[in-house]
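Undergrad: Read off the chains here:
Protein chains: 4
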Amino acid sequence: MIIILRSNSSDEDISSVEAKIRDMGLEPHVSKGIQRTVIGAIGDESKIDKEILEALPCVENVVRVMKPYKIVSRDSHDGDTVIDVGGVPIGGNRVQVIAGPCSVETADQMNQAADAVAAAGCRLMRGGAFKPRSSPYTFQGVGVEGLEMFQNAARKHNLPIVTELMDVRMLDTFLEHKVDVIQIGTRNMQNFDLLKEVGKVQTPVILKRGMSATVSEWLMAAEYIAAAGNHNIIFCERGVRSFETAYRNMLDVTAIPVLKRETHLPVIIDPSHAGGKAWMVPSLSRAAIAAGADGLLIEVHPRPAEAWCDADQALSPDQLNTLMGELRGIAQVIGRDL
Amino acid sequence: MIIILRSNSSDEDISSVEAKIRDMGLEPHVSKGIQRTVIGAIGDESKIDKEILEALPCVENVVRVMKPYKIVSRDSHDGDTVIDVGGVPIGGNRVQVIAGPCSVETADQMNQAADAVAAAGCRLMRGGAFKPRSSPYTFQGVGVEGLEMFQNAARKHNLPIVTELMDVRMLDTFLEHKVDVIQIGTRNMQNFDLLKEVGKVQTPVILKRGMSATVSEWLMAAEYIAAAGNHNIIFCERGVRSFETAYRNMLDVTAIPVLKRETHLPVIIDPSHAGGKAWMVPSLSRAAIAAGADGLLIEVHPRPAEAWCDADQALSPDQLNTLMGELRGIAQVIGRDL
Amino acid sequence: MIIILRSNSSDEDISSVEAKIRDMGLEPHVSKGIQRTVIGAIGDESKIDKEILEALPCVENVVRVMKPYKIVSRDSHDGDTVIDVGGVPIGGNRVQVIAGPCSVETADQMNQAADAVAAAGCRLMRGGAFKPRSSPYTFQGVGVEGLEMFQNAARKHNLPIVTELMDVRMLDTFLEHKVDVIQIGTRNMQNFDLLKEVGKVQTPVILKRGMSATVSEWLMAAEYIAAAGNHNIIFCERGVRSFETAYRNMLDVTAIPVLKRETHLPVIIDPSHAGGKAWMVPSLSRAAIAAGADGLLIEVHPRPAEAWCDADQALSPDQLNTLMGELRGIAQVIGRDL
Amino acid sequence: MIIILRSNSSDEDISSVEAKIRDMGLEPHVSKGIQRTVIGAIGDESKIDKEILEALPCVENVVRVMKPYKIVSRDSHDGDTVIDVGGVPIGGNRVQVIAGPCSVETADQMNQAADAVAAAGCRLMRGGAFKPRSSPYTFQGVGVEGLEMFQNAARKHNLPIVTELMDVRMLDTFLEHKVDVIQIGTRNMQNFDLLKEVGKVQTPVILKRGMSATVSEWLMAAEYIAAAGNHNIIFCERGVRSFETAYRNMLDVTAIPVLKRETHLPVIIDPSHAGGKAWMVPSLSRAAIAAGADGLLIEVHPRPAEAWCDADQALSPDQLNTLMGELRGIAQVIGRDL
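Residue numbers (the numbering used here), protein chains in the order written: chain C, 99 to 436; chain E, 99 to 436; chain V, 99 to 436; chain X, 99 to 436.
Hints may be right or wrong, so weigh each one.
[What the hints assert, rightly or not] Cross-link-like lysine to aspartate or glutamate pairs, in silico, EDC-like; alpha carbons within 16 angstroms at most:
(1) 294(C) - 274(C)
(2) 130(X) - 142(C)
(3) 118(X) - 404(V)
(4) 130(C) - 149(C)
(5) 130(C) - 176(C)
(6) 130(V) - 142(E)
(7) 148(E) - 404(C)
(8) 254(C) - 270(C)
(9) 375(V) - 424(X)
(10) 375(V) - 158(X)
(11) 130(E) - 404(V)
[Stated by the list, open to error] So, partial list: chain C residues that the calculated Cβ filter (under 7 angstroms) puts toward chain V:
(12) 268
(13) 344
(14) 355
Just so you know, the hints here were simulated from the structure itself, not pulled from any lab data. Think of the CB as a built atom: it goes at the ideal place given N, C-alpha and C, for glycine as much as any other residue.
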């Protein structure tokens, strides 16, 4: 940790900072510049709150030298981690497209969706039985029986299923219904109790980025899961909040190369929730794969206009097919398979 | 609801939108302009997803005419709601300053803090037993026994207590320990299962604004609590995420007049988490009261530099005293008491 | 224009709004709903300030029905406009990569840069003689003689040149030096006097997006140029300001499909200023072309580490070569040439 | 400057960074930690681009130790600078309210406005003859003759005038018309040529904050003016761009204490452009003064509903009067005059 002192700091000030650093179990290393004194604090800074140093009136700024995340950091694991989901690899050379409807509606709808997803060549399926809705008065998901409909439809095509867990009390139900991948939604990225609980199982977790989470906060949220014991984590960028009103969220495509540099874990993109309109999805999907994402989480519905939620953002089966062809081409250009 | 069609829409397009509107139980009302056709949908739009209409290819834009929130809306209740917390009113003419340490540490610390809070003239006390920390490796709060230390210290001065609930499974424990006000933190503003549960009890709830929640989303989060039965809700603005790096969060002072116009419920401000530095707190506190806030949630610690978390943002008892004097003066100027 | 009244509006209120609408030369069309009255204002709304209606105390909200931009709107021109720059087309099926150093330094540097740009297969060259720097104490560009060095180097390879105009008083000098494309930088996107002046010539203009400009404001800035007479406008997205600190700007890849739908003019991307680091440029460049951009504006320097400004974001000639190969592959997948 | 190396850096890497630092005229000072090596660069870092060091592949991060701004920094001048505008002090103990219409319309309107401004006890007047409008099709200001109408009206009450300069070519005209304070608008905060020109005169300058400028960029923009020779600079916060759509801009009240700590120059607030609605102005004005601002720039119009631009944000003369009373009370509470 590096502590930059205010310009008029006295020798006494310097001594007080040195003492505080020693209290914290680190070793101070003073270096006086022309205008300012800078103190290095050498040792393990990972368990240290830098606020304690920032609280000293003579301190201008405190800069961490080490990353606050460890298990998820590329420093801890040089290669790319591949996560096995019922035989389907996520991460590594193969790009995976996880498709399905926003929400589980009926057995028929799920069967048709599963047929379309498999026919397009996707190897995993998504669908929500519990829906985080901004209004308490709109459709909240069909609930537990939705998990059954989902499994019945997906198993016919050997598609592992991805579904969102919102309430920590439902985790056992998810395990009983053999959910293959647990999705943690954007609104729960820093629901730390939920993170700790999914950290205690080994089911792979897709961790969506919080609405306005920095990459660093997102890595720390993953570190919560990892620190509790579950290292099967997949990052999913889904657009962040911005000043722009021409579309719903701003897809942060730059997060792809940045995350690939910072972590060894797979990174996927949700182009459907990012733009919020079906007509934007092909562009955003192609951009994500071209930028180096390990996969996509994409909405498709047998009859989009009749979807019970987010009707304007689902692709039709035909549109998914066309898109898969383009994505295959792009993957190939950058030396990957799909 | 108003549906604006794309410029080249045909009569068939118009008919299809009219049919969809009737399907939803509303009545269409077409009006052809020079360049565009606009269709009004008359009826109760509160349970309707506008995405279903936006999914139609001929639709350019859909605008709601009614507010999506009801119980919390000023339309439903003209006067200002005053919430009674163990005899202390929140809302109404009296401004309330809720003070206390960021986290409960020891019985001694809480006793000294309670003495300082009461001596400064504050009538409620805050303190965290469970702490939402961005790193899994830092202090996470002292837990349940913290609630006891807190109650013991606060009861000596008849100070009702405010503390944060993060995990839905802890609600019963909070009720057993007679927590007077449940705080829902910024990271849980859209933890809908938690909102529904605190909606089932009658304990007043302080609902902090999500890191980048719009005022409308915030009102809808409160509507979740209200719709479940608990109307004792206090909004708390605590700074939002922005591009600025000179301080932690940007205190949204404009949210005060906007919320006071939209809702009948009380609105308070947390100046400590907003700026993130003790030296900014007096300015922000005065601004909040001057703008019309009903109170403050403020950090004070017997010895700020020794605080176990957020050491750089707590006021000392002396600083709190001085600030209370200024706030009293400002309250008076705008015709309120403190 | 649609005017939504507040819920308690009287008949008198309605009449006052109707009168105001007629004053403005439009025709009112009242429609009373269950909770609110909505008034349509039919006629040419393009010259009307909606603030005048919003100022009426009974008005809740005013929504425009027509787009505020005209000449640049796709409504005014259905196909894709192709801009001819000295025989090189921008827009249309061919993707163009405009490469070159951030700033003109010396004749040697420019000659080597031009060799590299041409060798990589790029057909236009960029370089700055006047640099907008956030500090008055850092290198401000070599000035007018830089335009000469630039032209000498570029002409050898028949590369049209792109360079930034910051000061309206330099426009004549730019014309004398036969600058092929005038770049308006992000800080000048709403320098309206500069926009009006470049609107009076026919030199193509690259209009960079303002640091936090909405797509609509950006289109309106282009409309300033177009309304003054110059329709040769190329939009350039270069990353916008966000809360993220892991990189410089957030590349708004969603702006590509959105702009392509709203305007008939070409859209290019500057991946170098977006991320701010050379190692991010290949990912962002591929994403941009995959999303449907008409080209790139990219920094390349003969010896990046010795660049006089933005040394950390320029590609080396070798890196440019490799990238061009990937971009060619992606362009082909989506049916375009490069 | 402090240079943090990547975790796997070799001795050769370290030597290369040391060499580069010496090249730049600074002295390196290496300190090897447990996981990373940190190098201090001691000397005058103000003219150094940190990008040159960031470009080295072994460098993780570079942190400045000194502030990039000098003349405007509080380090260069300990007390508060008071700027004299025709005998009216800005900065210091007295709070100044600068009021007037958004735009100059007619001689009558300006006379009535000046009467109202003086009657309310304000000592300076604002008004725009040249208006930066987002659409080329709306009212652009009455131009030069507006300066005359403005002066004629203001001189009757000895009110110094504040008006916006958009085009560098109009500076002489402003000087001829004896404009007392030149306003640089938000869209021109980084129009560096304009900053350099107003830096060459001694007329006081109100520098509005860019739409999404950081406090540091804003201070650097002021440094441009100061470095050119004009030290009479007044900062004006006017709301920044955010994700919120419930009002126009987010007033950054935290910028007040932050700026007062960083610079010795006066800081004022424009509450009218911040919120964008007249009914928000009293709250925001009171907040600004309570937070420690040195003044306000506020819109008032003899008949707001008839204003030619921004009709919804101007106060009436009566509303201004009431507000001035409240502001006087608040100023007194914090030991200031108004």
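Undergrad: Mind listing which of the numbered hints don't hold for this structure, in increasing order?
TA: Structure breaks hints 1, 4, 5, 8, 9, 11, 12.
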